[in-house]
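Peer 1: With the hints as your guide, set chain B onto chain A.
This is what each chain is made of:
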Amino acid sequence: AGAVTLRGPAEAEEAAPVFQYAGKAARRKDRVFVWGFTYSGALGIPSFVKPDAGWKKPRRIQPTPYRLETEEKISSAACGYGFTLLASNTRDITKVWGMGLNKDSQLGFQRSRRDQTKGYEYVLEPSPIPLPLEKPQQTRVLQVSCGRAHSLVLTDSEGVFTMGNNSYGQCGRKVVEDEIYSGSHVIHQLKEFDSRVVQVVCGQDHSLFRTKKGTVYACGWGADGQTGLGHYNITSVPTKLHGDIAGVNIIQVSSYGDCCLAVSDEGDVFGWGNSEYLQLASVTETTQVNVPRHLPFKIGKVKEAACGGTGNVVLTEEGNVFVWGYGILGKGPNLIETAVPEMIPPSLFGWSDFSPDTRVAHVRCGLSQFAALTNRGELFVWGKNLRGCLGTGRMEDQYFPWRVTVPGEVVDVACGVDHMVSMVRSF
Amino acid sequence: GAVELVAARVPVLADHPLVRGPRFRKLKIGAGHRLDVKASGVFVLGIGHGNKLLTDLYNCHLTKVYTVGGLFGKASDDFSDTGNLVEKTTFDHITREKLERILAVIQGTNQKALLMYSNIDMKTQEAYELAVKGLIRPMGKSPPIITAIRCLQFALPEFQLEIHCLHETQQYLRKMVHEIGLELKSSAVCTQVRRIRDGVFTVDDALPRTQWNLQSIQEAIRNCQLKVETELEKTLA
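Protein chains in written order, with the working numbering: chain A, 1 to 427; chain B, 1 to 237.
Bound-form chain A, shown alone (with noise of 0.2 Å):
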């Protein structure tokens, strides 16, 4: 009888059914998160602003990052100053959506459902962008940029298309005079460049464009020497630039505020635009540099650089990243203003004697924050934490690199002035 209850328990178990969850074929998902202020639209979930149930209140920050349902895999995504747009690069017909503020049109036209012949002012969720392509179900879009009130799409074989705001030019047509914005229709499309555009920047007001030879070509606002051509003019048609970068290849172009900063293939790093933060006071003491600089920087080869609204990161190819600029940098309460590029430990985004693999594989800059990608997908940021757009779950601005909890692997992240929105691969 003992021998008999001993084996029950066992035989038990080998009798148990067995459940599957998740088999060999089962393949990571790609997902968005987003955080930050959410009565702009930006962040694309209506129920924040309106919302949609008698108990929920609306909610006007978003501290912590929170998934965006989209219904095609996101591969390229931009914040602007209140707005998002979302890319992907499919060959169906709608391949870029848009959020947020819309009174420039900076999310091409609308339409008020209420009205139809106006469009809406505010885009509460990811409406798709209407693009004038002549072959939708053939071309792909590459990547998109947000600036203050404008945005660039880059296509693969139709070259630019650009909407909202051209007060400066920064759309690349001629500046129409008292050209009412909102509720407009325009979408330019900008085909003459030496060669294929591979990249495309906005700036606040201005637009830069690299191409495959490793030229830049830059229109827009130029007063603080944004546009790099060696004058304070707004331009109107997209110019080469030339400077120090003249001959150069350049593979990276990095500009958010009123500074620029390009990286060459050799490593090194030019810089133009505005410099009252000290950003390019390594070699002039003007404020305004409208002709590309080169930066004479000793701290390895550049891989990556991005620029902030006031303060400047790059990425080496050993994995170190250096801050230079004004605000909060990231190395403590203590440093506010630096025109040398001073190093954040590793130390500080991971790396440690139990795992020295990790290493910064991109920088990312919003106005007044940062933030760094790691091999492993982990996301730090620190900055100013404005209306919660940091996503640490705190309302205080953060000092040094901060971890945000992201449930799956970041594989990129697009930094805006209040909100950022990241790409995620689920585990």
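Just so you know, not all the hints are guaranteed correct.
[Unchecked claim] The calculated lysine-lysine pairs, modelled on BS3-like cross-linking and capped at a C-alpha distance of 25 Å, are:
1. A:Lys24 x B:Lys88
2. A:Lys29 x B:Lys98
3. B:Lys123 x B:Lys112
4. B:Lys98 x A:Lys73
5. A:Lys213 x A:Lys301
6. A:Lys24 x B:Lys98
7. A:Lys73 x B:Lys185
8. B:Lys26 x B:Lys52
9. B:Lys38 x B:Lys52
10. A:Lys174 x A:Lys103
Hints listed in this document are in silico derivations from the structure and should not be mistaken for laboratory results.
Peer 2: Frame of chain A, contents of chain B only:
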């Protein structure tokens, strides 16, 4: 005739154990961090005056290191392999890469908890300096925090992890194994919890069952004295 005094030696009975009694009558022995019945490994005890050192060591909040063994495919009610079976699941989709990704996330969230419970104002330069050196630690009560975790062995269905933690219980570690199983869309039970380091004491300093005698204990205390003193000075200074 002359009187001769002859010295004769007789044993003194005052020192005889049967007369004197056992040498140690009341020994104050205190235990360090708890180790439950199903676990094994380093267990620190203090004798006599050493109990005061035990309190000081507790206030140092040093990390403990465990090797935790797990088994995929089963879930039980007390998270160990001796409990009642709750569910059986498949586990052939689990790879070492997926496990390491989950471990990286666990380490990340616990790193945040480390900074949050340390009660240092994040806005000071001092907080930044400590964070760079990795010396921020909760110096008071806090929920269990894992400071480092990595996979030592992986052979489906078994795996072994090395976990560095603070303020934990062994049941918390078993629950962690169960949660790792859930996160990998399967289930796991814990087969082994072994503490290999408790603050400054490692397995090499520990005495096995065969050496539980006075000589070895005294020697062990002497060997560890220096280590304990330096650690206490460093942390409580």
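Peer 1: Are the hints correct? Go through all of them and say.
Peer 2: Hint check:
1. A:Lys24 x B:Lys88: Distance of about 17 Å is within 25 Å: holds.
2. A:Lys29 x B:Lys98: holds, 14 Å
3. B:Lys123 x B:Lys112: Status holds; Cα separation ~15 Å.
4. B:Lys98 x A:Lys73: It holds: about 22 Å lies between the C-alpha atoms, which stays within 25 Å.
5. A:Lys213 x A:Lys301: holds, 21 Å
6. A:Lys24 x B:Lys98: holds, 12 Å
7. A:Lys73 x B:Lys185: Between Lys73 (chain A) and Lys185 (chain B) the Cα gap is close to 23 Å, so the pair holds against 25 Å.
8. B:Lys26 x B:Lys52: holds, 17 Å
9. B:Lys38 x B:Lys52: Violated - the C-alpha atoms of Lys52 (chain B) and Lys38 (chain B) are around 28 Å apart, more than 25 Å.
10. A:Lys174 x A:Lys103: Holds, at roughly 20 Å.
This entry does not satisfy hint 9, going by the numbered hints stated previously; all others are met.
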